[in-house]
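Trainee: Below, each chain spelled out in residue letters.
Number of protein chains: 2
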Amino acid sequence: MQDMTHDLLPEGLSDRLPPLAAEAMRVTRAMNDVLAGHGYDPVQPPMVEFERSLASRMAGTERRRMVRFVDPASLRTLALRTDMTVQVGRIAATGLKDAPRPLRLSYAGQVLLLKGDGLEPERERLQVGAEIVGNDTVAAASESVVVAIEALKAAGATDISVDFTLPDLVDTLAAEALPLPTAAIPTVRRELDAKDAGSLVAAGGAAYLPLLYATGPFDSAIAKLAAIDASEALATRLEGLKQIAARIGDSARLTLDPTERHGFEYQSWFGFTIYAAGVRGALGRGGTYRITSEGGHDEAATGFSLYPDPLIARSAGSASKDRLFLPLGHDAAVAARLRMIGWHTVAALDESDDAAKLGCTHVLHGAEPHKL
Amino acid sequence: MQDMTHDLLPEGLSDRLPPLAAEAMRVTRAMNDVLAGHGYDPVQPPMVEFERSLASRMAGTERRRMVRFVDPASLRTLALRTDMTVQVGRIAATGLKDAPRPLRLSYAGQVLLLKGDGLEPERERLQVGAEIVGNDTVAAASESVVVAIEALKAAGATDISVDFTLPDLVDTLAAEALPLPTAAIPTVRRELDAKDAGSLVAAGGAAYLPLLYATGPFDSAIAKLAAIDASEALATRLEGLKQIAARIGDSARLTLDPTERHGFEYQSWFGFTIYAAGVRGALGRGGTYRITSEGGHDEAATGFSLYPDPLIARSAGSASKDRLFLPLGHDAAVAARLRMIGWHTVAALDESDDAAKLGCTHVLHGAEPHKL
Numbered sequence: 238m239q240d241m242t243h244d245l246l247p248e249g250l251s252d253r254l255p256p257l258a259a260e261a262m263r264v265t266r267a268m269n270d271v272l273a274g275h276g277y278d279p280v281q282p283p284m285v286e287f288e289r290s291l292a293s294r295m296a297g298t299e300r301r302r303m304v305r306f307v308d309p310a311s312l313r314t315l316a317l318r319t320d321m322t323v324q325v326g327r328i329a330a331t332g333l334k335d336a337p338r339p340l341r342l343s344y345a346g347q348v349l350l351l352k353g354d355g356l357e358p359e360r361e362r363l364q365v366g367a368e369i370v371g372n373d374t375v376a377a378a379s380e381s382v383v384v385a386i387e388a389l390k391a392a393g394a395t396d397i398s399v400d401f402t403l404p405d406l407v408d409t410l411a412a413e414a415l416p417l418p419t420a421a422i423p424t425v426r427r428e429l430d431a432k433d434a435g436s437l438v439a440a441g442g443a444a445y446l447p448l449l450y451a452t453g454p455f456d457s458a459i460a461k462l463a464a465i466d467a468s469e470a471l472a473t474r475l476e477g478l479k480q481i482a483a484r485i486g487d488s489a490r491l492t493l494d495p496t497e498r499h500g501f502e503y504q505s506w507f508g509f510t511i512y513a514a515g516v517r518g519a520l521g522r523g524g525t526y527r528i529t530s531e532g533g534h535d536e537a538a539t540g541f542s543l544y545p546d547p548l549i550a551r552s553a554g555s556a557s558k559d560r561l562f563l564p565l566g567h568d569a570a571v572a573a574r575l576r577m578i579g580w581h582t583v584a585a586l587d588e589s590d591d592a593a594k595l596g597c598t599h600v601l602h603g604a605e606p607h608k609l
Numbered sequence: 238m239q240d241m242t243h244d245l246l247p248e249g250l251s252d253r254l255p256p257l258a259a260e261a262m263r264v265t266r267a268m269n270d271v272l273a274g275h276g277y278d279p280v281q282p283p284m285v286e287f288e289r290s291l292a293s294r295m296a297g298t299e300r301r302r303m304v305r306f307v308d309p310a311s312l313r314t315l316a317l318r319t320d321m322t323v324q325v326g327r328i329a330a331t332g333l334k335d336a337p338r339p340l341r342l343s344y345a346g347q348v349l350l351l352k353g354d355g356l357e358p359e360r361e362r363l364q365v366g367a368e369i370v371g372n373d374t375v376a377a378a379s380e381s382v383v384v385a386i387e388a389l390k391a392a393g394a395t396d397i398s399v400d401f402t403l404p405d406l407v408d409t410l411a412a413e414a415l416p417l418p419t420a421a422i423p424t425v426r427r428e429l430d431a432k433d434a435g436s437l438v439a440a441g442g443a444a445y446l447p448l449l450y451a452t453g454p455f456d457s458a459i460a461k462l463a464a465i466d467a468s469e470a471l472a473t474r475l476e477g478l479k480q481i482a483a484r485i486g487d488s489a490r491l492t493l494d495p496t497e498r499h500g501f502e503y504q505s506w507f508g509f510t511i512y513a514a515g516v517r518g519a520l521g522r523g524g525t526y527r528i529t530s531e532g533g534h535d536e537a538a539t540g541f542s543l544y545p546d547p548l549i550a551r552s553a554g555s556a557s558k559d560r561l562f563l564p565l566g567h568d569a570a571v572a573a574r575l576r577m578i579g580w581h582t583v584a585a586l587d588e589s590d591d592a593a594k595l596g597c598t599h600v601l602h603g604a605e606p607h608k609l
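Line order of the protein sequences matches chains F and W.
Under this note's numbering, think of the first position of the first sequence as 238, with each following residue one higher.
Under this note's numbering, think of the first position of the second sequence as 238, with each following residue one higher.
A couple of the hints might just be wrong.
Treat identical chains as interchangeable: a pair holds within one or across any two.
Using 20 Å as the maximum straight-line C-alpha spacing, the simulated EDC-like pairs for lysine to aspartate or glutamate come out as follows [stated by the list, open to error]:
#1 K608 <-> E357
#2 K594 <-> E536
#3 K608 <-> E413
#4 K334 <-> D591
#5 K594 <-> D335
#6 K352 <-> E288
#7 K594 <-> D433
#8 K558 <-> E413
#9 K352 <-> D335
#10 K334 <-> E476
#11 K334 <-> D252
#12 K479 <-> D587
#13 K558 <-> D591
If you're looking for bench data, these hints aren't it; they were derived computationally from the structure.
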């Protein structure tokens, strides 16, 4: 015999019930409104695409974590999206190739993994994001961080902190200031990301050791990084980070971890991770990158993706609302007028319907709502 | 060589680009607001479930049209949802089993088919619906039709018509008024649905022939049906239809096709299909039914599902909006205040950004938007 209560849904998948589903809708709307307010136009790509399109572009998606199946129409492999950024890149490189730049696009939708992992058992998540296509300057990076913070605040996040990184730091330094054999670059990059000083030295990256300590609160970490950078190979990057930090001001706590690479494999000069109070793990990531395609498209871009599900789970029940019970025989026109001004109504279907049991706070008497 | 332009997305799947994606968001919000206004609480089931759950419940979903795959965690077969009604039924029978009845639930989300068919090539659709769990009376049926009409109007539908049917008509008549051998019931039902008079007579359903002509505008069709129903086996059903029609009033054109079964295989005494001007095919369906589960749950319900995609495609570009260009060096606090009162802003990232080219209608001069 199966245990019905534990066996209703596959591991890592769940129903969102009232009042959380209403809160999820509110959060999504609030975030979409912030993105629209900053001039981002929504796009809605399909849930499913050719696996090749989803796997071949810039995002760090692993094929083995995709739900894949054979398309009975084309006999080609299709996959469910695991990351909408890839889809927005495809749209920018094809359908909106000729739209004026910078092109600001936003998206919000469900993404699905074949399986969760230890830290993140959920297989389905809401992804909300915004991309500036055709620009990866400090101005674009600043806008991206500011809009991400504002979107999360609209979603109810508090005490936001942003961690900056420099994804191409090793490549930049290895070119001149701290020369490395080409073959050593990936290893040095990896050991810095892993913060493994011993392996870093063993890989020939002793000169990179001080980078491991140029981390922490933004102002002190960037001063340390500047001190390391005697040849000023990083000067424009550091100046860029300072400008972005100035734009953010005191709307978020800022930290710097210049060697962080995990999650930024495809970013160019700038990356950021965003956190909020009471939420374990990151709420999203962003940065500068390039959109490329097999057709030869190659274009700078800046953007971010947010995963607001943990915020929704946290705010349970905060969205409770007045509800007006409409007794049998009520005036339908009066009820319609009250809905127009924002009332949520619950109409009696038979004599047994009970206003209080159905969660109503008010009852309609004639043309007037009376408090229960 | 592949044709890149035709080869970007699988057949039956497409991107929604600006301005249609914004219109899709507006339509979804408007429909959700109508459902919330009538006291329906949203639920959000996952995109994926055990195939068994999705296929075993009441909806008319064909297994072979589902995207299915093996769950690496449970090694059981999972499927992408093709119909959210089934999921809402599961929720009502399990997670919300003990919530007070009538339980009003709403939902809005993407559903996906493995393949389209000749008439409907699309594989992905937006489904929006509302269910009243625990009641299948005339009052519930009336509310369902009224709310469906209101939701479609909010989505921009005009000139709405509703076609009523009586899904269990043959069963009701065969019980006494127009007796049939049990074995003949499914055939008579099928030939009536197919409107095939010859096969109907051949199947022993000659007495049912007049039903084929009790169709058309509601008032005349119901008069014909009453004339056929000498033994008054249908009396309560006909009275119910009249009461529903009275509730709808002149908000939609009404027709009756009492033998229509296609799409209503799981409905009980009442079904309806809803259409609008300029949209080929139905925009949705609803009716009364029963929610049952392997665990022994058995409960009356009434509801509808709408598929608003054709309305969105039709309203292209209607949502254009003022946009305010923010020149380099603008006052960020002024811009934030203008967004607060509803402006959509587009900030210059460098000197080359052109207000008109970026679709802006206004430019910020100091603290004032000036028309371009």
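Trainee: Classify it for me, K594 with D433: is the Cα-Cα distance of at most 20 Å met within a copy, between copies, both or neither?
Mentor: neither (60 Å within a copy, 50 Å between copies)
Trainee: For K608 vs E357, is the C-alpha pair at or below 20 Å within one copy, between two copies, both, or neither?
Mentor: neither (45 Å within a copy, 49 Å between copies)
Trainee: Can you give me the call for K594 and E536, within, between, both or neither, at a CA distance of at most 20 Å?
Mentor: between (58 Å within a copy, 19 Å between copies)
Trainee: Reference check for the pair K558 and E413, CA-CA at most 20 Å: within, between, both, or neither?
Mentor: Answer is neither: 62 Å inside a copy and 50 Å across each miss the 20 Å cutoff.
Trainee: Given a CA cutoff of 20 Å, do K334 and D591 count as a within-copy pair, a between-copy pair, both, or neither?
Mentor: This pair counts as between: shortest inter-copy Cα distance 18 Å, intra-copy 58 Å.
Trainee: What label fits K334 with D252 when the C-alpha limit is 20 Å: within, between, both, or neither?
Mentor: Answer is between; shortest inter-copy Cα gap is 14 Å, intra-copy 38 Å.
Trainee: With 20 Å as the alpha-carbon cut-off, assign the pair K608 and E413 to within, between, both or neither.
Mentor: neither (75 Å within a copy, 51 Å between copies)
Trainee: At most 20 Å between C-alpha atoms: does K479 with D587 qualify within a copy, between copies, both, or neither?
Mentor: between (66 Å within a copy, 18 Å between copies)
Trainee: State whether the alpha carbon distance between K594 and D335 is at most 20 Å within one copy, between copies, both, or neither.
Mentor: between (57 Å within a copy, 12 Å between copies)
Trainee: If the cut is 20 Å between Cα atoms, do K558 and D591 qualify within a copy, between copies, both or neither?
Mentor: within (18 Å within a copy, 45 Å between copies)
Trainee: At most 20 Å between CA atoms: does that hold for K352 and E288 within a copy, between copies, both, or neither?
Mentor: Result: close both inside a copy and across copies, 17 Å intra and 16 Å inter.
Trainee: With 20 Å as the alpha-carbon cut-off, assign the pair K334 and E476 to within, between, both or neither.
Mentor: neither (32 Å within a copy, 59 Å between copies)
When held up to the earlier numbered hints, the structure conflicts with 1, 3, 7, 8, 9, 10 and fits the remainder.
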